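Those protein sequences? They're chains R and S, same order as listed.
For the first sequence, counting from 1, position 179 maps to 179 in our numbering; every step adds exactly one.
Counting the second sequence from 1 gives a position; our numbering is that position plus 255.
In short, the hints are calculated from the structure, not lab data.
Where hints are given, some of them may not hold.
Said to hold, decoys possible - FRET-style restraints, in silico, Cβ to Cβ:
(1) S:Gly347 to R:Ile71: 31 to 41 Å
(2) S:Asn286 to R:Pro101: 23 to 33 Å
(3) S:Ser411 to R:Lys244: 19 to 29 Å
(4) S:Ala439 to R:Ile71: 48 to 58 Å
(5) R:Ile68 to S:Gly450: 51 to 61 Å
(6) R:Asn142 to S:Asn286: 27 to 37 Å
(7) R:Pro107 to S:Arg404: 20 to 30 Å
(8) S:Gln339 to R:Phe163: 28 to 38 Å
(9) R:Lys244 to S:Asp497: 27 to 37 Å
(10) S:Ser400 to R:Met161: 26 to 36 Å
From a predicted model like this one, the values you see are computed outputs, not experimental measurements.
We put the CB at the ideal spot given by N, CA and C, even for glycine.
Now for the letters of each chain:
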Amino acid sequence: MKRFLLAALFFAVLVLLWEAAYRAKLWSPVLLPSPGQVVKYLEGAAADGTLAKATVITMRRLLVGYFIGIILGLPLGLLTARWKVFGDTIGTLALGLQTLPSVCWVPLALLWFGQTEAAMLFVVIMGTLWSVVIATETGVRNVPPIYRRAALTMGSKRLHMWFKVILPSALPFIVSGMKQGWAFAWRSLMAAEIFVTILTGFGLGQLLHYGRELSAMEQVIGIMIVIVVIGLLADKIFFSPIEKFLHRRWGTSQA
Amino acid sequence: MHLARRHHSSATEELQVIAPSKLAIENVSKNFKGASGAVLALDHVSLNVAEGEFVCLVGASGCGKTTLLNIIAGLEKPDSGTVQADGKPITGPGRERLVMFQEPALFPWLNVFGNVLFGLKLKPNLTNKDRHDVAKYYLELVGLSRFERANIHELSGGMKQRVSLARALAPNPRVLLMDEPFAALDALTREQLYGDLQRIWQARNKTIVFVTHNVREAACLGNRVIVFSPRPGRNREEFAVDLPRPRDINSVDLAVHAMEITKALKSFSQPEVAAAA
C-alpha cells in the first residue's frame, strides 16, 4: 500500500509539472497540450469507439504474430541446439537476422503482401522469431550435463527428456528471449503502423500518425500514453508472474 | 469395454524391500583422450559385488573410480571388458541402478516433492496416489517430510543430498551408486548422513557402490574397501571391514582399519610431481 501511494504521488507530481509547463506557456499550446486536453481527447476517442477499435486491431496483430513467432521459434531453437547442421544453418541465420532491426522488414513485407494484415503479421513474426530461436538455443546449450545424466539414470529419454528436463531447465533463457521478442515485435509494429497506411484496419500507430497530420498534439500524446499503458500491462500481466515464479524456484531474486 | 487390463501394483507393493543385485565387472578398460594425450582411466579392472553388499572404492583423484561407477550406471561404455548385473550385461542407464552424484543434481524447476516424484513418474503401473505415497515415505525416511514443498535453493547442502538420496531410492533400485556424495558437506552434517545411510542401507537392502577419496568414510560405510591406484587406474588391494553397525566414524577400531587402508593407498600412489616428470 505504501509503495502504491508513493508511486501514485510520483505520477501526480509528473502530471502537475506538465500542467505547470503548459500554464507557463514554455511552448506553444499547439505543441504542448495540457493534461486535461489529452484526457478529453482520450474520453472522446473512448466514447466514439475509435480507441477500442484501434487497440483491438493493433493487439490482434501483435498477439497473433507474437504467438506464431514463439510457436515457430521454440522448435527451431531446439533443432539448432540439438543438431549441428541446424545450428550451422538456421542458428547462423537467426543470429544474423536478430541484429537486423525488424522495422527493416517493413518495405519488403509491403511489396510481398501489400498494405494488408499479412504484412503486419510478417513484421511482428520477424521481430519475435529470431530472439526466441536464439534464446531457446542458448538455454538448451546451458542445461547442466548432470541434469541429463541424472534424468537418464531414472529412465528419462527422448521426448520425456526434452519436455521434462531440457525445456524446463532452459526456461529462464527462453522467457528472457520471449521478453526480448515481445519488445522487438511491439516496436516494429508501431513503426510499421505509423509509417504505412494499412488498408485492412486502423491501429494505434495510425491514430498517432493522423494526430500528427492534423496537428492534434493531444491525440499524439494520448495515443502515446495508451501505448505505454499497454506495454506496462503486458509486462505486469504476462511476464511478471512468470519471472516471479522463476525467481522463486531458481532462487535468483534479490527482493 | 476394456481392451487391455493393466497390471497395477499398489504403493505397499512398491515399497516392499526387493532383492538387491550382484555386479560382475570383468577386465574392464577405458581410455580417455584428454588435452595431454590418452589417459588409461581403467586398466583391466575386475571386481565382483555381492547382493546387498556395501562396497567403497577409494583412491586418489584420477584413479578411475568415478569412471567405473559411470560404467556400472550405464552412463559410459567400457572400451573392453564386460559389466553384468545379475548375469545380464549392462547396456545403458536404467532405474535398477540409480546414481547419487557429488553435486546434488536436483532440478531447480521442481520443488523437493517434485524432485522425489520425478523418477516415480517414469515408472509405469503406478497410480498417482501410489507415487505420492511412495515419495512421502522416502522423504520421511531421509527426515525431510516438513520440507516437501520447499524450493531446492532454500535447502542447505546436507538437505539437498538427503533429497538426492530420497530421489535415488524412490524408484526402488536394486543398486545405489554413490559418487562422493558427501564430499562437499561439513563434517557434522556428514557424520549424521553416515548414520542415516547405514540405517537406510540396512532397512532397504540395497547393493551400494560408494566412491570416495576419504579413507575413514570408506571404512565407516563399507563391508569392503577397494583401493584404487591412478595412472593407469587399477584396483590394487581389498580390505574387509567387519565392525558392527551402526559404525561411528570417530571410533578407535575404525581408525585402525583406516590407517591400514591409508598405508596401502600411499604405497600405490606415486607423488604427483614425479609422475609428471
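Hints and how they fare:
Checking the proposed 31 to 41 Å range against Gly347 of chain S and Ile71 of chain R shows it holds: the Cβ atoms sit about 33 Å from each other. Checked against the hint of 23 to 33 Å, the C-beta distance between Asn286 of chain S and Pro101 of chain R comes to roughly 51 Å, which is inconsistent with it. Between Ser411 of chain S and Lys244 of chain R, the C-beta spacing of about 24 Å keeps the proposed range 19 to 29 Å intact. Checked against the hint of 48 to 58 Å, the pair Ala439 of chain S and Ile71 of chain R fails, with Cβ atoms roughly 42 Å apart.
A beta carbon spacing of about 58 Å between Ile68 of chain R and Gly450 of chain S agrees with the range 51 to 61 Å that was offered as a hint. The hinted range of 27 to 37 Å is satisfied by Asn142 of chain R and Asn286 of chain S, whose Cβ atoms lie roughly 29 Å apart. Against the hinted window of 20 to 30 Å, the Cβ-Cβ separation of Pro107 of chain R and Arg404 of chain S comes to about 54 Å, which falls outside the hint. Separation of Gln339 of chain S from Phe163 of chain R is about 33 Å and conforms to the stated range, judged on CB atoms against 28 to 38 Å.
At roughly 55 Å, the beta carbons of Lys244 of chain R and Asp497 of chain S sit outside the given window of 27 to 37 Å. Ser400 of chain S and Met161 of chain R have their C-beta atoms about 30 Å apart, which keeps the hinted 26 to 36 Å range intact.
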